[in-house]
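Visitor: Protein sequence lines correspond, in order, to chains U and H. If you read the first sequence in my numbering, its first letter stands for residue 1, the second for the next number, and so on. If you read the second sequence in my numbering, its first letter stands for residue 1, the second for the next number, and so on.
Treat the hints loosely; a few may be bogus.
[To be verified] Here chain U is said to cover these stretches of chain H; the calculated rule only asks that three of the stretch's residues, wherever they fall, bring their Cβ under 8 Å from a Cβ of chain U:
hint	region
1	80-92
2	166-177
[What the hints assert, rightly or not] These stretches of chain H come out as covered by chain U in the derived footprint (C-beta under 8 Å, 3 or more residues):
hint	region
3	127-137
4	204-211
Simulated from the structure, these hints should not be mistaken for laboratory data. Given the structure is predicted, the values throughout are model-derived calculations rather than measurements. Every residue gets a Cβ at the ideal spot worked out from N, C-alpha and C, and that includes glycine.
As a plain string of letters, each chain reads:
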Amino acid sequence: MHAADARLKFVLVIGSIVAIALVPPGAFPALGVAFAALMVASASAHLGPFRLARGAFIALPFLLAAVPLIFLREGDPLGTLRLGPVDLTVHGEGLRAFGTIAAKSWLSVQAALLLTYTTPFHELVDALRKLRVPEVMVAIIGFMYRYLAVLSEEVGRLMRARASRSAAAPGRRAGGSLAWRARVTGGMVGTLFLHSYERSERIHSAMLARGFTGTFRHFHGRPLTGGEWLAGALIVVALVTFELAAQRWLPRL
Amino acid sequence: MSEDVPHAHVHAHDAQSQAHAHEHGTGSPPEPDGQPWIELEHLHYRYPDGTDALRGVDLAVARGEKVALIGPNGAGKSTLMLHLNGILEPTHGRVRVGGVTVNRGSVGRIRAQVGLVFQDPDDQLFSPTVLEDVAFGPLHMGVPEEQIHALVERALGAVGMSGSERRRPHHLSLGQRKRVAMASVLSMDPSVLVFDEPSAGLDPRGRRELIDLMRTMPQTMLVATHDMRLVAEVMPRSVVMDDGVVVADGPTERILADAALLEAHGLERP
Chain U
1 MHAADARLKF VLVIGSIVAI ALVPPGAFPA LGVAFAALMV ASASAHLGPF
51 RLARGAFIAL PFLLAAVPLI FLREGDPLGT LRLGPVDLTV HGEGLRAFGT
101 IAAKSWLSVQ AALLLTYTTP FHELVDALRK LRVPEVMVAI IGFMYRYLAV
151 LSEEVGRLMR ARASRSAAAP GRRAGGSLAW RARVTGGMVG TLFLHSYERS
201 ERIHSAMLAR GFTGTFRHFH GRPLTGGEWL AGALIVVALV TFELAAQRWL
251 PRL
Chain H
1 MSEDVPHAHV HAHDAQSQAH AHEHGTGSPP EPDGQPWIEL EHLHYRYPDG
51 TDALRGVDLA VARGEKVALI GPNGAGKSTL MLHLNGILEP THGRVRVGGV
101 TVNRGSVGRI RAQVGLVFQD PDDQLFSPTV LEDVAFGPLH MGVPEEQIHA
151 LVERALGAVG MSGSERRRPH HLSLGQRKRV AMASVLSMDP SVLVFDEPSA
201 GLDPRGRREL IDLMRTMPQT MLVATHDMRL VAEVMPRSVV MDDGVVVADG
251 PTERILADAA LLEAHGLERP
């Protein structure tokens, strides 16, 4: 898994996410198959079978957005909650839709994690470029990766500078009003933006100084081997088969 | 890093680079006697906001000479450096490198000749890996890919960073990043190296390694710095700038002994 070409892994993972997204509501057996496949992949990448499943809970808060479905999607009412003046009816149909969305997002995050755990970021950027993703987007992603660490260090310095001047005098309320603190934070964000903007100009000068004329050039790298093309084809066949099974053959709950 | 290793690398680099320059015809013909390699004539530069950063700078540097550019902040040192490879265009006056006037038509050739090493290596190292950064210059100069790996290897060897191709810049120490930043211009095989504050922020060991490295590099060097000990150890000639003009130019020994001159321009003796 770690040694596989990043282009193949990228196609596999994006394809899996699309396939999972297209699974019809209630097709839990199909989603179970997908989960089993991800566990196998995780184990074969020496991550342990449950590492992805655990890691994917990070996206759990986003599920809150789907909670209203339980009450709003009508059909098969199961019972009613009385909250003061509001009656909330729980629908079986809504519960099914919610469960499907929850399982799909959990599995999709697992697939994405599989990619990031097994592929160094610069290989991924390179793979995007070779898969003909527009150069501007690839460049932005590459720069973001390079400068995220620099930027977060800068944020750390600004925060420390603020913390070391946030003293409290005895007998007085320290910290100021909320509005004042918001203004300080706003100022910090502004400073950060200006620093980044100035840095971008210096980076541009450094690029010009080394012969950059507006078009990026890269190593061509090696083309995919016959075996890799075959693996790519197998990936596509497997994903299409999975999708057909989910749509036609496997039962729904 | 031992002190002997970079010597060996750099001399090898020198010999190879000379050979390389001649066989590909990128190097200029040997200069006639007394003809300077870098020539600045009445250089004026006004920033778009109206500030006059340079007000008539004349300077000539011979091939292989190592010159320190000293002066207070805002004296125009950095502005001057950005003229040497055409990042900034002079408002008046002209810049010549190796007999070629720097202008829009020649800027590509000039940038292959003049390697600019910026103060903050985080500005210079913008690629995800060291390899891609050191290869950036040669790739954009149109050097065939098969040759680039050898150039990268040699450049990293010259700064004592061999084998770091796959590393990420943000995992390196500041001293290491500075050296990779130097490698990222050495890979273009320049005849002139221009440094902005090379020793700023380095700890004593990092600084010592840098000084040893700079002493052994064969290229013509122009170094803007406040580090007077670096100047005394590496640069035989010093140019003092203040307020956009050259106020003194001569042997470093004499300049650094002139307490009145140094004090008048906000500098100190080493």
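Visitor: State for each hint whether it applies.
Guide: Hint-by-hint comparison with the structure:
{"no.": "1", "hint": "80-92", "result": "holds (count 3)"}
{"no.": "2", "hint": "166-177", "result": "holds (count 3)"}
{"no.": "3", "hint": "127-137", "result": "holds (count 7)"}
{"no.": "4", "hint": "204-211", "result": "violated (count 0)"}
In this structure, the one hint that does not hold is number 4.
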